[in-house]
Amino acid sequence: MEQQRVVFSNKVLPYVLIAPQVLITLVFFFWPASQALFQSVLTEDAFGLSRTFAGLYNFTSLFKDDVYLNSLGTTAFFSIAVAFSSITVALLLAVMAHRVTRGGTIYKTLLIWPYAVANMVAGVLWFFLFNNTAGIIAYFLRVMQYDWNHALNTGQAMFLVVFASSWRQISYNFIFFLAGLHSIPPSLIEAAAIDGASPFRRFWTIVFPLLSPTSFFLIVMNVVYSFFDTFGVIHAITGGGPDYATNILVFKVYHDGFLGLDIGSSAAQSVILMSIVVVLTIVQFRYIERKVHY
Amino acid sequence: MVHNRPWLTLVTHAILILGILILVFPIYVTFVASTRTVASILASPMPLWPGMEMVDNYLAALAGPSKSVGVSVGHMMLNSLIMALGIALGKIAISLTAAYAFVYFRFRFRTFFFWMIFVTLMLPVEVRIVPTVEVAAKLGLLDTHLGLILPLIASATATFLLRQFFMTLPNELCEAARVDGAGPYRFFIDILVPMSRTMIAALFVILFIYGWNQYLWPLLITTKESSYTMLIGIKRMLDVGEGQIEWNLVMASTILAIIPPVFVVVIMQKQFVKGLTETEK
Chain D
1 MEQQRVVFSN KVLPYVLIAP QVLITLVFFF WPASQALFQS VLTEDAFGLS
51 RTFAGLYNFT SLFKDDVYLN SLGTTAFFSI AVAFSSITVA LLLAVMAHRV
101 TRGGTIYKTL LIWPYAVANM VAGVLWFFLF NNTAGIIAYF LRVMQYDWNH
151 ALNTGQAMFL VVFASSWRQI SYNFIFFLAG LHSIPPSLIE AAAIDGASPF
201 RRFWTIVFPL LSPTSFFLIV MNVVYSFFDT FGVIHAITGG GPDYATNILV
251 FKVYHDGFLG LDIGSSAAQS VILMSIVVVL TIVQFRYIER KVHY
Chain W
1 MVHNRPWLTL VTHAILILGI LILVFPIYVT FVASTRTVAS ILASPMPLWP
51 GMEMVDNYLA ALAGPSKSVG VSVGHMMLNS LIMALGIALG KIAISLTAAY
101 AFVYFRFRFR TFFFWMIFVT LMLPVEVRIV PTVEVAAKLG LLDTHLGLIL
151 PLIASATATF LLRQFFMTLP NELCEAARVD GAGPYRFFID ILVPMSRTMI
201 AALFVILFIY GWNQYLWPLL ITTKESSYTM LIGIKRMLDV GEGQIEWNLV
251 MASTILAIIP PVFVVVIMQK QFVKGLTETE K
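These protein sequence lines map, in sequence, to chains D and W. By the working numbering, the letter at position 77 of the first sequence is numbered 77, and the numbering carries on one by one without gaps. By the working numbering, the letter at position 59 of the second sequence is numbered 59, and the numbering carries on one by one without gaps.
Please note that a few of the clues may not be correct.
As the list claims (entries may be wrong) - Covered stretches of chain D, as calculated for chain W (at least 3 residues, CB under 8 Å):
(1) 85-96
(2) 162-176
(3) 204-212
(4) 265-273
If you are wondering where the hints come from, they were derived from the structure by calculation, not from laboratory data. If you're wondering where the values come from, they're calculated on a predicted model, not measured in any experiment. Just so you know, even glycine gets a beta-carbon here, dropped at the ideal spot from N, CA and C.
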């Protein structure tokens with residue numbers, strides 16, 4: 001830690017100052033997290049009367065469970081699809097907004113605000129548009145003889161949750177790409193232009209590589225986002241269905257823990273989720289420590 | 001940029017306008033639906049211009065109750081507002097004092113407490129929902145405002161950010177204050193907090209949006225209709241089973257749920273961008 005900082009020499013005050021945060025962390029972080037670890041190695045009988053130590057049983061049975069394996073695959077596909085689509089669209093829009101000299105601020109404001117819309121609300125918006133009785137998009141699809149029913153068609157359900165989840169995330173990625181673009185020295189671009197490089201070539205050989213720290217950061221953040229924050233979208237639009245097609249891990253933890261009341265299995269799933277987040281966080285921190293420099 | 005290429009400028013504006021249209025379209029349709037009767041929403045297709053029922057729909061939603069939820073949207077908005085403000089102000093308050101202690105005091109177990117708080121950066125509340133609900137139930141926090149707020153401020157993002165910021169302040173600041181006879185209270189209230197105000201504003205915007213938009217946690221901790229937040233109420237209005245969804249009221253409520261956070265972002269855009277890019281990096 002830092003050295004030679006001027007400090008106050010008060011014996012009791014620092015403890016008083018950190019007490020609120022330490023208390024809240026203990027009660028709402030360490031207590032539940034240790035409960036999750038503890039419950040994940042126990043099994044409970046159907047009436048919740050007795051608990052027995054089960055070792056890794058909850059974990060091994062999860063990896064034999066087709067529904068869970070399917071949920072893992074679904075989550076992987078879902079998060080890659082959301083990250084890929086929202087990052088590419090955001091990058092395109094950010095590069096365009098960065099180019100604009102007139103009206104830039106208005107464009108930026110109009111592209112940023114959807115970040116403030118809750119995921120669950122984004123879910124409701126698209127649920128309404130694609131709703132078979134009331135939705136305007138569903139109506140036009142019907143007119144075009146396209147059979148839309150996301151309540152029955154697994155591919156369409158997945159498309160819709162990916163679409164709704166990416167829609168809001170575009171603004172988030174846009175903000176970061178724009179900040180990244182601002183930090184590229186214009187002299188580099190000018191030098192390439194003098195050498196006769198076209199705008200597309202300048203983008204691919206200079207701008208895109210220089211944005212790679214931002215892009216990598218955003219890939220991690222978007223994967224984390226689609227793992228956890230998209231619960232509202234799934235809950236509002238599909239409820240994990242049809243036929244488990246959109247049953248992502250967080251939704252399954254919620255479903256098993258609160259509706260299925262299988263506490264042991266739900267806790268084991270929480271522990272696996274925790275490990276995934278920890279790995280992602282470590283990857284991100286390691287990467288940020290040694291950002292790519294050209 | 002470097003050369004003037006009129007066709008490229010045209011394409012640029014076209015893409016940007018197209019992007020904005022895609023972002024705005026669902027909100028616009030929702031707004032239109034919120035100004036129409038259920039019958040005209042179900043007219044297949046619903047006309048894409050605003051109807052005449054705007055005032056009626058919003059008043060009906062705000063005053064409530066609707067057929068599916070026993071409390072008014074006004075009441076649920078108040079719950080959401082208390083939750084959002086509680087999370088934003090609560091987290092800023094505990095983070096300011098904790099960061100102050102870590103940077104300006106040397107005390108026993110400082111490193112231990114430091115890591116204890118910072119390990120929470122890793123795990124979002126979603127991964128430990130089931131046991132957290134049990135803890136909240138044991139403490140009697142179900143259906144209370146405190147229950148909505150407290151578990152969500154157990155995270156170190158704000159503390160981390162403020163600590164980084166305090167560490168960039170020059171040492172002379174504290175030295176000068178001490179020479180002038182200021183104790184730790186005076187220094188904190190009269191110097192440190194005022195100097196951090198841009199940082200606090202940025203944090204406030206981010207945390208307010210975060211709090212207002214919480215969904216999973218309120219879903220688990222609220223069982224009575226009187227403690228529903230906005231988003232939970234909207235979900236309940238959609239879950240009517242075989243009955244007809246009151247689309248006009250749902251859509252008016254959705255618009256009402258969108259307005260406060262969007263308003264905050266548009267008004268405080270600079271602080272918002274600063275807060276977002278600095279809290280997450």
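Structure-based check of each hint:
As drawn, the segment 85-96 of chain D meets chain W at 4 residues by the rule of a beta-carbon pair under 8 Å; at three or more, the given contact holds. Evaluation of the coverage hint for the segment 162-176 of chain D: fulfilled, as 6 residues show C-beta separations to chain W shorter than 8 Å, against a requirement of three. Residue count for the segment 204-212 of chain D with a Cβ under 8 Å from a Cβ of chain W: 0. That is fewer than the three needed, and the coverage hint is violated. For the segment 265-273 of chain D, the stated coverage by chain W is satisfied: 4 residues place a CB nearer than 8 Å to a CB of that chain, which reaches the threshold of 3.
Of the numbered hints listed earlier, the single one contradicted by the structure is hint 3.
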